[in-house]
Amino acid sequence: MRPADRPGSRRWLLLPAAALVLSGLATGCSSTPAYCTDASQLKTSVNDLGNVDVAKNGLGSLQTALSKVQTSAKTLAADAKSAFPSQTTALKNSLSGLENAIKSAQGQPPLTAAAAVASSVTQVKTSADNLQSAVKGNCQ
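For the sequence shown, the numbering used here begins at 1 and goes up steadily by one.
What the hints contain is simulated information worked out from the structure, not anything from laboratory work.
From the three backbone atoms N, C-alpha and C, an ideal C-beta is built for every residue, glycine too.
Among the clues, some could well be false.
What the hints assert, rightly or not - Here are the simulated DSS-like cross-link-like pairs (lysine-lysine), alpha carbons at most 30 Å apart as the crow flies:
no.: 1; residue 1: Lys74; residue 2: Lys136
no.: 2; residue 1: Lys125; residue 2: Lys92
no.: 3; residue 1: Lys43; residue 2: Lys136
no.: 4; residue 1: Lys68; residue 2: Lys125
no.: 5; residue 1: Lys56; residue 2: Lys92
no.: 6; residue 1: Lys103; residue 2: Lys81
no.: 7; residue 1: Lys125; residue 2: Lys74
Said to hold, decoys possible - Pairwise CB distance ranges, derived in the manner of DEER restraints:
no.: 8; residue 1: Ser82; residue 2: Gly58; range: 37 to 43 Å
no.: 9; residue 1: Lys103; residue 2: Asn130; range: 21 to 27 Å
no.: 10; residue 1: Pro110; residue 2: Gly137; range: 38 to 44 Å
no.: 11; residue 1: Ser86; residue 2: Thr112; range: 32 to 38 Å
no.: 12; residue 1: Ser82; residue 2: Asp53; range: 35 to 41 Å
With these hints in hand, go ahead and build the complete structure from the sequences.
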């Protein structure tokens, strides 16, 4: 009798294939979208933005924090735009609004500049929070 004709020998051939299929299914089920990491990075940069003291440190410190948020937001939007188009658009628009507010506040006294950009900072935080909430359900 040839080894392939022995009873039960074919079952052993199927075992490695079954293990590969099951491991692939398990990996597919446990993987999270790329935008989950991006969302975490955005949260950190938005928190940093909210902690900037424009009255004390000037608009330059806000511009630096805004640049970090923009970088994080662009990465997240690239990965999540198809899944969350309205939230990524709202974030993009609020970031543009803050950038315009900073430009408009240039040359003003620090307290006036801080007051001028405060609502735009709040809008960025709100739109980022809304995107975070939408993404959260897919990132657990």
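Structure-based check of all given hints:
1. Lys74 x Lys136: At roughly 18 Å apart (the allowed maximum being 30 Å), Lys136 and Lys74 satisfy the hint.
2. Lys125 x Lys92: 12 Å, holds
3. Lys43 x Lys136: Satisfied, since the Cα-Cα distance of roughly 12 Å is no more than 30 Å.
4. Lys68 x Lys125: Holds, because 13 Å separates the two Cα atoms, which is no more than 30 Å.
5. Lys56 x Lys92: 27 Å, holds
6. Lys103 x Lys81: It holds: about 27 Å lies between the C-alpha atoms, which stays within 30 Å.
7. Lys125 x Lys74: Judged against 30 Å, a Cα distance of about 15 Å means the pair holds.
8. Ser82 x Gly58: 37 to 43 Å: 39 Å, holds
9. Lys103 x Asn130: 21 to 27 Å: 25 Å, holds
10. Pro110 x Gly137: 38 to 44 Å: Taking Cβ atoms as reference, Pro110 and Gly137 lie about 41 Å apart, which means the hint holds.
11. Ser86 x Thr112: 32 to 38 Å: 34 Å, holds
12. Ser82 x Asp53: 35 to 41 Å: 37 Å, holds
Checked against the numbered hints listed earlier, the structure breaks none of them; every hint is satisfied.
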